[in-house]
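Protein chains in written order, with this note's numbering: chain W, 110 to 359; chain F, 597 to 952.
These are computed hints drawn from the structure, not numbers from a lab. Just so you know, even glycine gets a beta-carbon here, dropped at the ideal spot from N, CA and C. Any given hint might turn out to be false.
[Stated by the list, open to error] Coverage of chain F stretches by chain W, computed from C-beta distances (three or more under 8 angstroms per stretch; other residues unrestricted):
hint, region
1, 611-621
2, 676-683
3, 827-841
4, 928-935
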Amino acid sequence: MVALQLQSVGAYHGRKLFVENVTTPVMHAGELIAVIGPNAAGKSTLFKRITGLLKGPGNIVIDGAKTKNSITYMPQDTSANAVLTVYESILLARKQGQSWSVSDHDLSFIDEIMRALNITSIAFRDLGALSGGQRQLVSIAQALVREPEIMLMDEPTSALDLHRQVEVLDFMRRRARSKGMIVMIAIHDLNQALRFADKVLVIVNGRMRACGNAREVVTVEMLRDVYKIHARIEKCSMDHDHVIVDGTAH
Amino acid sequence: MAEIAALPIEAEAGRERYRALARRKLAILAAMTAALCLSFAVDLAWGPARYGLGEVIAALVDPSSVSAQIRAVVWDIRMPVAVMAIVVGAALSVAGAQMQTILANPLASPFTLGISAAASFGAALAIVTSVSILPVAATLLVPANAFIMALIATLFIHFISQMRGVSVQTVVLLGIALVFTFNALLALLQYLASEQALSAVVFWTMGSLTKATWPKIGITLAVLLIALPLFARNAWALTAIRLGEDKAASFGVNVRRIRLETMLIVSLLAAVPVSFVGTIGFVGLVGPHIARMILGEDQRFFLPGSILSGALLLSVTSIVSKSIIPGVVFPIGIITALVGVPFFFSLILSNRSRSW
Chain W
110 MVALQLQSVG
120 AYHGRKLFVE
130 NVTTPVMHAG
140 ELIAVIGPNA
150 AGKSTLFKRI
160 TGLLKGPGNI
170 VIDGAKTKNS
180 ITYMPQDTSA
190 NAVLTVYESI
200 LLARKQGQSW
210 SVSDHDLSFI
220 DEIMRALNIT
230 SIAFRDLGAL
240 SGGQRQLVSI
250 AQALVREPEI
260 MLMDEPTSAL
270 DLHRQVEVLD
280 FMRRRARSKG
290 MIVMIAIHDL
300 NQALRFADKV
310 LVIVNGRMRA
320 CGNAREVVTV
330 EMLRDVYKIH
340 ARIEKCSMDH
350 DHVIVDGTAH
Chain F
597 MAEIAALPIE
607 AEAGRERYRA
617 LARRKLAILA
627 AMTAALCLSF
637 AVDLAWGPAR
647 YGLGEVIAAL
657 VDPSSVSAQI
667 RAVVWDIRMP
677 VAVMAIVVGA
687 ALSVAGAQMQ
697 TILANPLASP
707 FTLGISAAAS
717 FGAALAIVTS
727 VSILPVAATL
737 LVPANAFIMA
747 LIATLFIHFI
757 SQMRGVSVQT
767 VVLLGIALVF
777 TFNALLALLQ
787 YLASEQALSA
797 VVFWTMGSLT
807 KATWPKIGIT
817 LAVLLIALPL
827 FARNAWALTA
837 IRLGEDKAAS
847 FGVNVRRIRL
857 ETMLIVSLLA
867 AVPVSFVGTI
877 GFVGLVGPHI
887 ARMILGEDQR
897 FFLPGSILSG
907 ALLLSVTSIV
917 SKSIIPGVVF
927 PIGIITALVG
937 VPFFFSLILS
947 NRSRSW
């Protein structure tokens, strides 16, 4: 089973060290980790560093991975003007680095993922004709068909309606458990983070402020210090913690 | 909450539809190949000397069975032009297709990025001043100069595109600036040129397949045959680049390496034919757009589609260029634009959702 730990990890953007000294506890297979923090805190940069798209100091320790390319990153930007159908764009994600021929197994797997995300109705629509939310769902499918062991998703639900947000996050949590994946999701909605995440990692100004159990990390003090808001944390009828914002703190 | 995976959707529907889509695209490629064969045959059969189709076929199949005159017309005059039309059309179209892909810009082509203009300037330099950039035989002076200038322009574009912080839009803007620069230099040479040299320069810049010879065909074909397997190997990666740099990188594509490799190959693909036949601008821009509209951008279909659309466009143009006034062969550069533009307009207007 795969395990991931960041040890004193930093990331360069150009020559500037944009993220520094991030050390996390070991993240285990089946866990969903929400990465939260204000805009431009370094969440995407950290993801790109873990994926290997950016360089930087520190160690990214991956144990027990079955394949060399075990990490898949889903970027925040899902816009695309390529003349491709949704189905072709998902196939493309799966076949990278492989032969031209497409097996029935490949196609069946794509069908399974599209069914799971409930996007079969747009399978043969052109990418350019999709709404922002649909593009986001296609992007999630593209990441999933690569069968990653570690999946980093950069604000995957920001363009989705509430129903779809809950569907997708619930699906990702179940998928993490059933496939033994580690799923890290950069997300702004703290209530979704509280509801679905096993761990929460808080990044502020390129540094990790906290990483641990959601209830221990998302506190009134953290909300005031990091987000500059006055808020309460109360339990909803489903016994989940909920952040209720009272106002901004100056 | 509803279980997402349990939604009632027909099993394997996507798989079957995808297979049908792929079959349709293969059928389109087959139809384009057939059309190209037909166009090639007509190009060979058509000309100021009116021979019957039977005579032309006989000259092809059994050259000894026809008169020396027919043999010479078919094999030495028409054949090189007809073959060159196909090879140059294919090379320029593929060059344009991959420029558009890696620069993420529908305007990218050897013509719009200044490569053709650079080649024209190089050729004019040879014609007007006889100044040679490379030590070559006098007969190769014009193509050699044109090639070197085209290569310099392409490499300039390439190195700029590799600089940190330079966006693909900037690269295209610089390309357009190159067009203006080389056109100004060309105008300066024309201003200084003798009347005879001036007419030679003007004819060269119009682009003409009558300059075709077997060695030129061989060189252009060789470049094409080296380029295609390399593009084919990167087909999935090149398609992914059209989804954006971040997305392609997230699929494990080494975007920087693929861009470098592709740009270097494209520079040869664009420079070689232009140096041999002059400025045939339109095909490198439109060929890929036609292929994109009818086949999409999956490079497994888009690449052969661009080859065929470019080859077909130039082959048909070759026929038209000698059909307008019997006995006169118009420079193909003029005809390509005149034939291609209405066709291109009709395609774009009837197919808006599938164009860039």
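We went through each hint and held it up to the structure:
Counting residues of the region 611-621 of chain F whose CB falls under 8 angstroms from any CB of chain W gives 6; the rule of at least 3 is met. Interface restraint, the region 676-683 of chain F with chain W: violated (0 residues with C-beta to C-beta distance below 8 angstroms; minimum three). With 9 residues bearing a CB less than 8 angstroms from a CB of chain W, the region 827-841 of chain F meets the requirement of three and the coverage assertion stands. Residue count for the region 928-935 of chain F with a Cβ under 8 angstroms from a Cβ of chain W: 0. That is fewer than the three needed, and the coverage hint is violated.
Violated hints, listed in ascending order, are 2 and 4; each of the other numbered hints is respected by the structure.
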